[in-house]
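Given next are the chains, with one letter for each unit.
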Amino acid sequence: MKHPIYTTFAALLVIMLVAAEARGWTPMRPTEVKNIPRSIRDNPGAYRPHYRSFFGTGRYLRGK
Amino acid sequence: MSAPAVSSLSCPQCGAAITLRTLDQAQSVVCSSCGSILDARDPNLHVLQAFEAKQKFTPQIPLGTRGALKGEKWEVVGYQVRRITIDGTSYYWEEYLLFNPYKGFRYLTQYDGHWNDVQIVKAAPAESINGRQPFVTLYGETFKHFQTATAYTEFVLGEFPWQVRVGDHAVVRDFVAPPRMLSEESTPDETTWSLGTYTPAAQIWKAFSLPGKPLRPRGVYANQPDEYRPVAGSMAKRYLLFAAIIVGLGVLRFVTAARETVFATDSSFFRPGAPADSLAFVTPTFTVKGRTTDLEVTTEAQVDNGWAYFDYALVNEQTGTTYEFGREVSYYYGRDSDGAWSEGSRRDRALLPSVPAGQYFLRVLPEAQVPTDFLEYRIVVRRDVPIVTPYLVCLALLAIPPIFWALRAWGMESARWKESDYAPDDDDDDE
Chain F
1 MKHPIYTTFA
11 ALLVIMLVAA
21 EARGWTPMRP
31 TEVKNIPRSI
41 RDNPGAYRPH
51 YRSFFGTGRY
61 LRGK
Chain L
1 MSAPAVSSLS
11 CPQCGAAITL
21 RTLDQAQSVV
31 CSSCGSILDA
41 RDPNLHVLQA
51 FEAKQKFTPQ
61 IPLGTRGALK
71 GEKWEVVGYQ
81 VRRITIDGTS
91 YYWEEYLLFN
101 PYKGFRYLTQ
111 YDGHWNDVQI
121 VKAAPAESIN
131 GRQPFVTLYG
141 ETFKHFQTAT
151 AYTEFVLGEF
161 PWQVRVGDHA
171 VVRDFVAPPR
181 MLSEESTPDE
191 TTWSLGTYTP
201 AAQIWKAFSL
211 PGKPLRPRGV
221 YANQPDEYRP
231 VAGSMAKRYL
241 LFAAIIVGLG
251 VLRFVTAARE
261 TVFATDSSFF
271 RPGAPADSLA
281 FVTPTFTVKG
291 RTTDLEVTTE
301 AQVDNGWAYF
311 DYALVNEQTG
321 TTYEFGREVS
331 YYYGRDSDGA
341 WSEGSRRDRA
351 LLPSVPAGQY
361 FLRVLPEAQV
371 PTDFLEYRIV
381 VRRDVPIVTP
391 YLVCLALLAI
401 PPIFWALRAW
411 GMESARWKES
421 DYAPDDDDDD
431 E
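So the protein lines, in turn, are chains F and L.
Its first residue numbered 1, the first sequence is counted upward by one per residue in our numbering.
Its first residue numbered 1, the second sequence is counted upward by one per residue in our numbering.
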């Protein structure tokens with residue numbers, strides 16, 4: 001077989017791509033939190049996102 | 001080849017013994033002791049030229065060495081060093097004359113560790129010109145002109161089938177089609193063509209059972225085979241094969257993706273001084289069906305020179321697992337000295353990875369800074385939405401090795417032609 005390392009690398013890429021599509025992987029990484037209290041429905045304004053404690057308001061400024 | 005037939009004579013200049021290996025084929029012989037060039041056809045070995053070389057050279061393959069090269073036995077009978085001068089710099093190379101009584105003569109040349117196995121060709125190649133670069137065709141193979149220079153004989157040793165002299169010169173034109181090189185040597189009296197084949201030094205060393213290791217080749221020689229191009233070529237073919245697989249998978253994915261809308265809502269934002277937290281709300285529950293896949297949350301807001309920010313929490317009602325993320329929609333536009341400009345978009349798309357089936361709702365906290373304090377927006381949630389990025393990333397990663405080898409091949413070709421008459425910014429290198 002010609003270029004065994006390259007062929008293996010390419011085959012791994014294809015396998016990873018198929019796996020990514022099968023599992024619905026995307027580049028986005030949202031903060032995943034377990035066991036959110038059900039009271040969030042009753043008082044949504046009181047809920048504090050966990051990522052805010054790291055990133056401030058979360059928004060970034062734009063405009064020329 | 002049987003035992004060498006030799007004839008022993010004495011040098012009329014210094015009295016040292018002279019050995020003739022090619023017998024009646026020799027026209028001149030060099031005394032290895034005093035360096036005088038003698039007429040081999042004269043029984044008294046008339047001196048053609050006393051030693052005139054400016055320096056002495058020692059052949060890497062001693063005269064008299066015998067070996068089997070490419071299945072035929074040869075003996076080294078002559079050695080000469082030749083020179084060309086380009087832009088004031090002199091370049092020297094060695095030529096070894098090999099003899100086989102049944103096959104005649106052939107040559108080995110060596111420059112900077114690069115060896116060529118050279119044979120005289122009887123047929124004259126057909127010459128044409130393409131642009132400013134001539135080329136010749138021999139036996140159906142096309143050779144590109146590489147360099148024209150005047151070669152001077154600097155040092156000779158052994159015997160030769162012509163009357164050799166130090167200071168002899170000939171105009172040499174080299175044409176290349178790696179691993180072969182066709183060379184034309186012209187003197188006022190005659191023109192000869194020879195065909196060289198690039199030969200690894202290790203093969204020469206093995207053929208003549210030479211001690212030690214050969215010099216490591218330096219630089220890229222005119223007809224040195226491009227070792228990278230075949231690798232780049234076959235790797236490119238492999239790339240195309242896998243690229244086709246990836247494109248095929250991508251097409252399949254885009255054709256079969258469900259793109260199912262699981263939730264959509266239109267809402268508006270109005271806050272004349274309302275506390276931010278009071279604007280948070282939760283959506284009705286919606287169902288995400290099917291296999292674990294990505295979930296697209298599209299936010300479309302009619303912002304004009306303003307921004308809206310949405311704190312999202314996608315909550316799985318059964319497990320309590322929550323995916324938190326924030327998205328900004330901002331759109332600015334205007335006109336300045338450079339003309340009209342715009343920045344941002346009124347639409348944002350977030351792709352949540354690997355969201356399993358279940359009952360979900362969104363907790364949304366909008367914030368905005370818009371001129372009117374009133375903003376309409378729309379949120380749409382879809383599952384199983386294909387994205388092109390992973391396919392492009394795979395294609396790009398896959399292309400790195402072939403590109404690497406192609407660049408090496410390109411670099412080798414550049415280095416080769418840099419030494420030619422066709423080097424960039426180099427019109428005429430000839431002496």
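Possibly wrong hints are sitting among the right ones.
What the hints assert, rightly or not - Heads up, simulated DSS-like pairs for lysine-lysine below, C-alpha to C-alpha not over 30 angstroms straight-line:
1) 289/L / 73/L
2) 2/F / 206/L
3) 213/L / 237/L
4) 237/L / 2/F
5) 70/L / 2/F
6) 213/L / 70/L
7) 103/L / 237/L
8) 122/L / 56/L
9) 70/L / 206/L
10) 56/L / 237/L
11) 73/L / 213/L
12) 289/L / 34/F
To be verified - One side only, chain L facing chain F, incomplete, derived with CB under 10 angstroms:
13) 127
14) 130
15) 131
16) 132
17) 134
18) 137
19) 138
20) 251
21) 280
22) 287
23) 289
24) 315
25) 321
26) 398
The hints are simulated quantities; they were obtained by calculation from the structure and are not laboratory data.
All residues carry an ideal CB built from backbone N, CA and C; glycine is no exception.
Verification of the supplied hints:
1. 289/L / 73/L: Between residue 289/L and residue 73/L the Cα gap is close to 81 angstroms, so the pair fails against 30 angstroms, i.e. violated.
2. 2/F / 206/L: holds, 29 angstroms
3. 213/L / 237/L: Outside the cut-off at roughly 37 angstroms; violated.
4. 237/L / 2/F: holds, 11 angstroms
5. 70/L / 2/F: Given pair residue 70/L, residue 2/F holds - Cα atoms ~28 angstroms apart, limit 30 angstroms.
6. 213/L / 70/L: holds, 20 angstroms
7. 103/L / 237/L: violated, 43 angstroms
8. 122/L / 56/L: violated, 33 angstroms
9. 70/L / 206/L: holds, 11 angstroms
10. 56/L / 237/L: Violated, at about 52 angstroms.
11. 73/L / 213/L: holds, 22 angstroms
12. 289/L / 34/F: holds, 21 angstroms
13. 127: Where the cut-off is 10 angstroms and the nearest Cβ of chain F is about 38 angstroms from residue 127/L, the hint is violated.
14. 130: Violated. Min distance 33 angstroms.
15. 131: violated, 36 angstroms
16. 132: Constraint on residue 132/L not satisfied, violated at 38 angstroms.
17. 134: violated, 37 angstroms
18. 137: violated, 32 angstroms
19. 138: violated, 32 angstroms
20. 251: Not OK, violated: residue 251/L not within 10 angstroms of chain F, min 12 angstroms.
21. 280: With a closest approach of 4 angstroms, the residue 280/L hint holds.
22. 287: Check failed: Cβ of residue 287/L comes no nearer than 17 angstroms to chain F, outside 10 angstroms.
23. 289: violated, 13 angstroms
24. 315: Since the shortest Cβ distance to chain F is 6 angstroms, the answer is holds.
25. 321: holds, 6 angstroms
26. 398: holds, 6 angstroms
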